[in-house]
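Peer 1: Take a look at the letters that make up each chain.
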Amino acid sequence: MLPNNPIHSLLSGDYPRSRVLGALLFVVLICLAFAPFLFPGSQPLNVAAKICVFIILVASYDLLLGYTGIVSFAHTMFYGIGGYGVAIAMYNFSPSWTALGVGVIVALVLAILLALLIGLFSLRVRAIFFAMITLAVASAFAILASQLNEITGGEDGRSYRIPEMLRPAFRLFDEPVMGVMINGRILTYYLIFFSALLLFLLALRVVNSPFGRVLQAIRENDFRAEALGYRVVVYRSIANCLSAGMATLAGVLMALWLRYTGPDTTLSFAIMIDILLMVVIGGMGTLYGAVLGAAIFILAQNYLQVLMGQFSGMLESAGIPLLPGLFHADRWLLWLGILFVLSVYFFPVGIVGKLRQMRK
Amino acid sequence: MTAAADAPPTAALPKVRVDYLPMLLVPLLMLVALPLVGSVSTWVTLTVAALAMGMMIFLMASGLTLVFGLMDVLNFGHGVFISFGAYVSLIALGPLAGWVESDNLLLNIGVLLACILVAMLVTGGLGYAFERIVIRPVYGQHLKQILITMGGMIVAEQMIHVIWGASPIPLRLPEGLRGAIVIGDAAMEKYRVIAVVLGLTVFGIMHLVLNRTKIGLLIRAGVENAEMVEALGYRIRRLFVGVFVAGSALAGLGGVLWAFYRQTLTAGMGMEVNVLIFIVIIIGGLGSVGGCFIGALLVALVANYTGFLAPKLALGSSILLMVVILLWRPQGLYPVAKR
Amino acid sequence: MTDMLKLQGVHTHIGQYHILHGVDLAVPRGQLTMLLGRNGAGKTTTLRTIMGLWQASQGSVTFDGRDITKTPTPEIAQAGIAYVPENMGIFADLTVRENMILAARGGEIDAARLKWIFGLFPALEKFWSLAAGVLSGGQKQMLAIARAIVEPRELLLIDEPTKGLAPAIIMNMVQAFRELKSTGATILLVEQNFLAAKLLGDHVAVMDDGRVVHTGAMAELAEDTTLQQKLLGLSMDAHQ
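First to last, the sequence lines map onto chains A, B and C.
For the record, in the first sequence the residue sitting at position 358 is 360 according to this note's numbering, with numbers rising by one throughout.
For the record, in the second sequence the residue sitting at position 283 is 264 according to this note's numbering, with numbers rising by one throughout.
For the record, in the third sequence the residue sitting at position 84 is 181 according to this note's numbering, with numbers rising by one throughout.
No lab work stands behind these hints: they were computed from the structure.
Cβ coordinates follow ideal geometry from the N, Cα and C atoms, glycine included.
Partial list, derived from the structure: chain A residues whose beta carbon lies under 10 angstroms from chain B:
| no. | residue |
| --- | --- |
| 1 | 67 |
| 2 | 71 |
| 3 | 131 |
| 4 | 137 |
| 5 | 138 |
| 6 | 146 |
| 7 | 327 |
| 8 | 328 |
| 9 | 336 |
| 10 | 337 |
| 11 | 338 |
| 12 | 339 |
| 13 | 340 |
| 14 | 342 |
| 15 | 350 |
Please work from the sequences and hints to get the whole structure.
Peer 2: Encoded structure:
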């Protein structure tokens, strides 16, 4: 295709490079773009919004893990900072657009500063330090958030009202459009959808820029990149800040959707694991992996987990020992963990990598 | 490497620089805390508690730092052995329940030792399996190592839920180990004193093994330059498996002590303490056992003092301590000389 | 005269880089073979490949009639090859004594042998129970060589022992190698210092661009300045 083709510039020249992958991505895009019309009801819309948010969260994580080759366990911390930024602004001030804007900006600044600090501090010594230190800082942050009751609402978190236009009671038109009433909920969904789309295309731009190529060169061989004159620490720190900023925005979007922010929905380690799993399943080092990883994982989480619980119930009523425990809905994480380990071993290229290999 | 440096044999012996500064930090910290805490008796109680905690953290962390030093393997799943060690002690506690309630102190200590023995055996075996199945396939690949060991950790934690149930299990200290020894105004819990004694004993044994035996010599040499150890004709892999198993067993031991200290078992306890352990081995210098010991004491002292002075900052204090130490020595207190 | 060590068509890759392009080399028993060449010619890689620290992707390494191409490093060492790497591989946190003891298979050093080593390198006796890290560069090099000969070995691989040392220390080193030679040891020595090479070598192999481009008697090369110029790019002042 010609370089001046609009699709080319939208995708920054980074095509799916596999017909099946392209088709899958197109299906995801269409489903998400028309979710309120295709799948009416609050549960499917909930799933669709979650997928949008997680695509950004996972893509921003892949910027670190897949493109820069460093492991961070603080991604949920930044996600949480975004969430709490909205929560604190909405709860303590007013559910207005101004408060929202201020909340988002403060959260972004805080997240990027924190990322910069952690990065400059630990990326300088050894990349492996980074993983350990992010883990430590993130768990300290989580504990802090649950203890600072007056500010964060502690373990209970905060429920709050959001700007009027985004509330369920708001009606954009008096008449339904294509059989669906356009209320504040749907507006919020589209706010999330378009923000996610924009952020994703921006991320695509970043990884395909000269900057992104240097990152990948560092991932392949940091000594060589350093020898070629690239300041490895600087590049890694910038990537870390970008990734943190994107995660913060994902947290903002989620907070708008849930109208609630608490430790369990933002800072918990379980979310960190989910992100890791989505990146690995989708495919590290390709942003399209984030799309497929997030979509597949969240669909499975919302529909398979229920099935698993029912299966466990069946086993239990059949009187089989131990197995009901293994398949109990609370043991969802057990299977995710096994799946995760197996994917890292046997499937490190993920779905996108496999699809691209098939083409060759 | 100049001519001047190669002095003739008549010159004075070069000075051996023993680096005492980090060692001085521990008493210094205690002294600084005394006026801040205000009361001597409270200070004694806090300090003993901190020393006990420090010993336990050291036991749990020592294996991890050696494993990293020897083979450049960072096991994010190290906490598994801590949790498993703690839960496995239930196996010994079952048949020996009578000993726990007995008023015979020997039986009380016996049951604690039995728990430790069972836990060390099981976690040692688990460590052997973990090394073979989880770690061996990803040697030399840091990224995968971190991901896989983290995954292994989640699976193991969930397996604890499956085997022992999801709710916390209360753990009773043996009768004779409850309560405190009171000297003047200062109360020291008996169990903490025992933990300190146990911890010091293990540290002493480790020190002897590392400095007085051939195996210890090989481990120290291997931490510095594994390739050269191989070129001298030793199989570093076997050594590594041995250290991994021993480190896992020590983590199991630490897990038992930690569980009795908290008097509750939770599947996540290993993961929680893992964070502290990482801080400790970073502070100590990755690969250094002595640094790990001092790091553990420092972290525990700071945590206990701030826990008393400003409870909400307790965990944050460890991170602050790490930041301060790394600003002073970016590679930790005792950086290991690497190739 | 038989060859103690023989390399035939050895290719070695490090990562994506192809370093050795078919090295053929023979090290005769009981003699000192010099391995010369410019920086980056592949001398260190050759030694590391012999030692099994890097795997040859093609070709064979035969030691004392036994194929050791795919043998793991510890077994190669046990078979009787001692290796002194370019960075000396000293364990800085261990004492001089501990460094030496690790090199002795049985865990004990033969007293007569130790006396002989102390005769070669008196500094070691003096610093016997000090951490090796406090030694000077030359002393570290002596320790590294002493460690390789703590027990008699079939073959010594030594990588640039004179690198960065002062002339007086180099002469001390040359003297030690002479003495070692007189015990009938087989040595493969990588050297940049042509003067030292000229004094010590029985045979010489010159490498360039991952291949051995010249083999012969050291004395011949020492005489022939045009050949030196061609092979090593030596200028006249390098002879000083």
